[in-house]
Amino acid sequence: MPYRLNLMICTGTACVSNRAFDIIEALEKEIKKHNLDAEVAIVPTGCNGFCAQGPIVVVQPDGIFYQRLTTKDIPYLVEEHFLKGRPVQKFMYRPPERKEPIPVMSEIPFFKDQMLIALRNRGLINPENIDDYIARDGYKALAKVLTSMTPEQVIQEITASGLRGRGGGGFPTGIKWKYCRQAPGKEHYVICNADEGDPGAFMDRSIIEGDPHSVLEGMAIAAYAVGAKQGYIYVRMEYPLAVKRFKLAIQQARDYGLLGKDILGCGFDFDVEVRRGAGAFVCGESTALMASLEGKVGEPRAKYIHTVEAGLWMQPTVLNNVETLANVPVIILKGAKWFSSIGTGDVSENPWGGSTGTKVFSLAGKVNNTGLVEVPMGISLRDIVFKIGGGIPKGKKFKAVQTGGPSGGFIPESLLDLPVDFDALTEAGSMMGSGGMVVIDEDDCIVDMARYFIDFLKGESCGKCTPCREGLRAMSEILNRICEGKGQEDDIDKLEELGRTMVDCSLCALGGSAPNPVLSTLRYFREEYEEHIKQRKCRAGVCRALITFTIDPEKCTGCRVCAMQCPQQCISGEAKKPHRIDQSRCIKCGVCYDVCKFDAVIRK
Amino acid sequence: MGKLTIQELEKLREKAREQLKLRTTGETRGKIIVHMGTCGISAGARDVLSALLEAIEKKGIKDIIVTTSGCAGMCSREPMATVELAGQPPVKYVDLDKDKIVRILEEHVIGGKIVKEYALGIGSERVG
Chain A
34 MPYRLNLMIC TGTACVSNRA FDIIEALEKE IKKHNLDAEV AIVPTGCNGF CAQGPIVVVQ
94 PDGIFYQRLT TKDIPYLVEE HFLKGRPVQK FMYRPPERKE PIPVMSEIPF FKDQMLIALR
154 NRGLINPENI DDYIARDGYK ALAKVLTSMT PEQVIQEITA SGLRGRGGGG FPTGIKWKYC
214 RQAPGKEHYV ICNADEGDPG AFMDRSIIEG DPHSVLEGMA IAAYAVGAKQ GYIYVRMEYP
274 LAVKRFKLAI QQARDYGLLG KDILGCGFDF DVEVRRGAGA FVCGESTALM ASLEGKVGEP
334 RAKYIHTVEA GLWMQPTVLN NVETLANVPV IILKGAKWFS SIGTGDVSEN PWGGSTGTKV
394 FSLAGKVNNT GLVEVPMGIS LRDIVFKIGG GIPKGKKFKA VQTGGPSGGF IPESLLDLPV
454 DFDALTEAGS MMGSGGMVVI DEDDCIVDMA RYFIDFLKGE SCGKCTPCRE GLRAMSEILN
514 RICEGKGQED DIDKLEELGR TMVDCSLCAL GGSAPNPVLS TLRYFREEYE EHIKQRKCRA
574 GVCRALITFT IDPEKCTGCR VCAMQCPQQC ISGEAKKPHR IDQSRCIKCG VCYDVCKFDA
634 VIRK
Chain B
13 MGKLTIQELE KLREKAREQL KLRTTGETRG KIIVHMGTCG ISAGARDVLS ALLEAIEKKG
73 IKDIIVTTSG CAGMCSREPM ATVELAGQPP VKYVDLDKDK IVRILEEHVI GGKIVKEYAL
133 GIGSERVG
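Here the protein sequences line up with chains A and B, keeping their order.
Under the numbering used here, the first residue of the first sequence is numbered 34, with each subsequent residue one higher.
Under the numbering used here, the first residue of the second sequence is numbered 13, with each subsequent residue one higher.
Because the hints were derived from the structure by calculation, they are not lab data.
Do not rely on the hints blindly, as some may be mistaken.
[To be verified] Straight-line C-alpha distance at most 27 Å; calculated DSS-like pairs for lysine-lysine:
| hint | chain 1 | residue 1 | chain 2 | residue 2 |
| --- | --- | --- | --- | --- |
| 1 | A | 329 | A | 491 |
| 2 | A | 177 | B | 43 |
| 3 | B | 43 | A | 65 |
| 4 | A | 329 | A | 177 |
| 5 | B | 15 | A | 277 |
| 6 | A | 211 | A | 370 |
| 7 | B | 43 | A | 173 |
Fair warning: this is a prediction, and the values are worked out from it, not measured in the lab.
Just chain B, with the same shape it has in the complex (with noise of 0.2 Å):
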């Protein structure tokens, strides 16, 4: 790139900003955890991990985190991911692939609907 001129380091600011945003731990609408325990692994979530990735950078989401976890404990159900928007319980979905997690980021993470045929339940274990 040549000499910025003021807009264009503006411009250039706000490209950069995108690469920069994950590495704060700052405020967000919520999270997706897609379980990537050995089970959820061999279910096939590591395809249900990137397209989900996909689908984000695809519409262009910008305040939800994806991140990963362990074995949810319900091997049988495997792949699995739990939506946790802020302020509401989370929900846990289960038996997923490719399509199936890109459904619930429209109509879940982006609609507010909970895609009820997917989902297992809503709400945490206790723990402790």
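Next comes chain A alone, as it looks inside the complex (with noise of 0.2 Å):
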């Protein structure tokens, strides 16, 4: 008998780490309890986007959804909701703004200006059921291009959709395709680049947790286009719940007939290896990749013959992104035409004219909506962040958002209406990359985010070249000595040299974006830097070094909390009379600052 009722539970790791397998006892306890087990289904699924608000359930057909569960909620959500038919307003999702709850899930602004290509299962099938993909049209573009169409039809097909490498790099994918095919060589392969390593992202890993068979059957599509009997995922250890929804794919695809030997009885055999990777953000970057792969040291080489041509193992090899792998059958199930149509420019002419489709987002940092967004190209980055991500949390100013990762730069306000696109991101400094997006506010200090950035990239850098290597390390002396109040006159020089040598001298993408935090927040907030150097003042109140704690006396209550707070104890005064801070003991932990409940200590 079919279920009336589907409970869609989300189990992706943000919702993991919030408990969602306990709920998912709780629920089949309670479901059990009143007999309803034969009319209501639990089906875990993978990431569902809203991870601000996990737990989240979402009861279909009706589409009601039920946010930030505890266990202690099951027993009267099943007997209310499940048993009696009452929705339950109290777990339903309420935007900050308003007082009502909004009970239906697609009226939710989060997902309501949302349009999804590469998520297209989200939160409707389970991950670990090959049925389950199978039933919205899995396997359907992998059986279509076997049984109707040449190696070089899929090709053209792709390259006239426009499709670019969702990792960053924006490269049209077709071209790579057509590129490989060419090529000579003993074998061909086909690489998955799950090796996502930009801090606050986690599109790639959402897609595999939710969907990892959309992203085998783009493999398997990419292996017949290319001439390719095995292929291999790279992905980092970080990710055990990716690679074991990976691992399980793959057996479920291979017991079917859909990877292996004659696939489908058409002839073509195609196998799929996971290997993992220890996590090195390098090996991201395609030859470091393959090197890491062959079990050598992951180091990126000089790339005068593309990997294309001499890749694994130096021969012919297809590295595509975890997204652009998903996007793939959606393009031969519904064609080039109807995939150009969305996003910007015209890709008719030339692959590299535009930006089409969809791209998916990991919105983090300063941001009510924290969580993954899969937008069309072509909106505008304050859509994202005010209409899908909500705005900024307490009423707090927007500064910037970074875009493209560690690697990728900060963008003001004023170019917050620039449009989601490869080449306006790049041309306003910043990148695409894979899609990492970090939103700061007013109380973030824009040279301290610099500096974590290139810290970040120093220890990631592989060392191979000197550009990269000795460049990122003097970056970082000067961006910390700045943070110190020890910034001297000519340092904002000596970062921009610095940092051009890295674009043109470096060996790899990493080395040759590293210095775009830099670049780009010299670009839009040169003023904080020189005042950093030249007032010796953080305006944001971040830099420790700059700032001082003191007490308004005329505010200060006497209420003795700092006082106790305090970890130097170092603030005195008798009950109910203005107290002090010894500025000489003071280590500016802001403890004082963030307990005080009469605004009475001043940073500045």
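Fit the two chains together into the complex; they arrive one by one in their own frames, and the hints show the way.
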């Protein structure tokens, strides 16, 4: 009997860490108690996207959206809604500015403005069940290419769609496949790049966790197009759930004959293996990734000869990102024309002529609705941050959004109406990157942010080429100096010169894009650097060496809260009389500032 | 299951679709709401719901959603159900049992003719 209700419970990593599995257990118990187990199905799904509100349960077919559930809520929820049919308001989502909750998922602003292609199955299928994927047109595109298209036609279709690499490079996928197919070699390979390394980025992980078969199907189609028999998935160790679901998906596909020898009886052989990387940032770079896959040290090489000609084991190799591959089956089924009608520019003559389709972003940082969003290319950054992201928490002021991961750039408010598009973002001094988006507000110091990312990259630089290794070290030194209040007159010039040299001379894209956080902040927030250096001032109150905490005697009520919390015990004063901070012992931890209920602590 | 051919893949897809159908908030011809307040349950609404689900499966009906809701306010006439077909005003049925709900399914939902003997009235209370 088909189930009357389907409880779609998110089991992406974010919801799992918010105890989604405990919720499942509690639901099972309560549903059994009310004898509903033949009517109500519990379906674990991949990431639903609205990570800020996890754990999430969506009740279908009505689309009722429940959020932030705890095991304590379950008995009431099961009895009220699933038995008695009364949706429970108190577990529904309520946007910050509204009093009334929004019951139905499709009406929540976060979901309303999204357009799902790569994430088409999110929240709808159980990622550990291949039949669910098949029901949603899974492996239909593979059957189509094997029975009715030549490899050249597949390449033509993908090229015409304008699909460009979603890992950040933005190279037209169809062109890459064409070059690889044309290259002579003993064997051809297809690799899926699942080495998502940007801090704050989790698009690829969520696609794998939520819909691993869409990636496998994309790989099989790519293999057919370029003439490969073997594929590899390079995925980082830090993604255990993704690794598990990939392996399960591969086994299920093999059992059905959708991978392996003579796929679907069409005479096409292709199989996939999962290879785990140790999580080095540089291993997301094509040549470093392939070196690591071969068991060598993950270092990039100069690309006079491209990997499409001599990649893995010096054979022609196609390397595509997870999201790129997840788009492929849909393009094959719905056609290049449909895909290229979404997004910006015109790709009919020139595959670089625009940015078509959608892009998945992981929205993180100082934004209300952190989570995973898929939007059509060309949408403005403002729409992503404010309409979908719900704006900045606590009524703070937006400062900048960083796109493209650690080596992306910061985009200021004046450019928020910029369309999301490979070329527009590069022009603004940032990049699309893999789709990480970190929002910062007025409480974040721009120099400190640049320092954080440069320090991250310094640690991740493989050290093979001098501009990247030494350039990052020198930049880090200067930025740390500025944050400590020891900035020198010519530091800004030095940073710019170092940045330019790294862009021009680095061996791979890591070094070539590493100065972006510094160069873009110098371009848009130069005055903050100057304040740090010349006035020894940090307007956001982040750089400890540049700030002092004092107590306003007018406002202080002498409640003693700050004095009791101060780890240095350097706040003195009698009860009910204004207190004082001993500056010589203050470590500027900011605890007094945070705990004062009367705004009496001044941070300057 | 062993290795699939193209035809077998399509067959499997058809079968799997059935299970997935109710997971989307897609287009349907209408829905049958069984009122499951405490009053309804004690009057036998559970049996009515089970009989309805069974009949729907037996007849292979795919475009009707079965859902539940709370007490409809007339506890003395429970079990109750409301039939809402697209483009038509909802019809409330009262004093139901296993056989009556199946007849409603056959005559009203499939046949398009309201079962007047069991119907309380057409339309809903004004809300707001």
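Here is what the structure says about each hint:
Using a Cα cut-off of 27 Å, the hinted pair residue 329 of chain A and residue 491 of chain A holds, with the two alpha carbons roughly 21 Å apart. With a C-alpha separation of about 36 Å, the suggested pairing of residue 177 of chain A with residue 43 of chain B is violated against the 27 Å cut-off. This hinted pair checks out: residue 43 of chain B and residue 65 of chain A have alpha carbons roughly 25 Å apart, not beyond 27 Å. Annotation: proposed proximity of residue 329 of chain A to residue 177 of chain A is violated, straight-line Cα distance about 38 Å (limit 27 Å).
Distance hint between residue 15 of chain B and residue 277 of chain A is fulfilled; the C-alpha atoms sit about 23 Å from each other, no more than 27 Å. Between the alpha carbons of residue 211 of chain A and residue 370 of chain A the distance comes to roughly 19 Å, so the proposed pair stays at or under 27 Å and holds. Taking the CA atoms of residue 43 of chain B and residue 173 of chain A, the gap is about 31 Å. The hint is violated against a cut of 27 Å.
When each numbered hint is compared with the structure, violations occur for hints 2, 4, 7.
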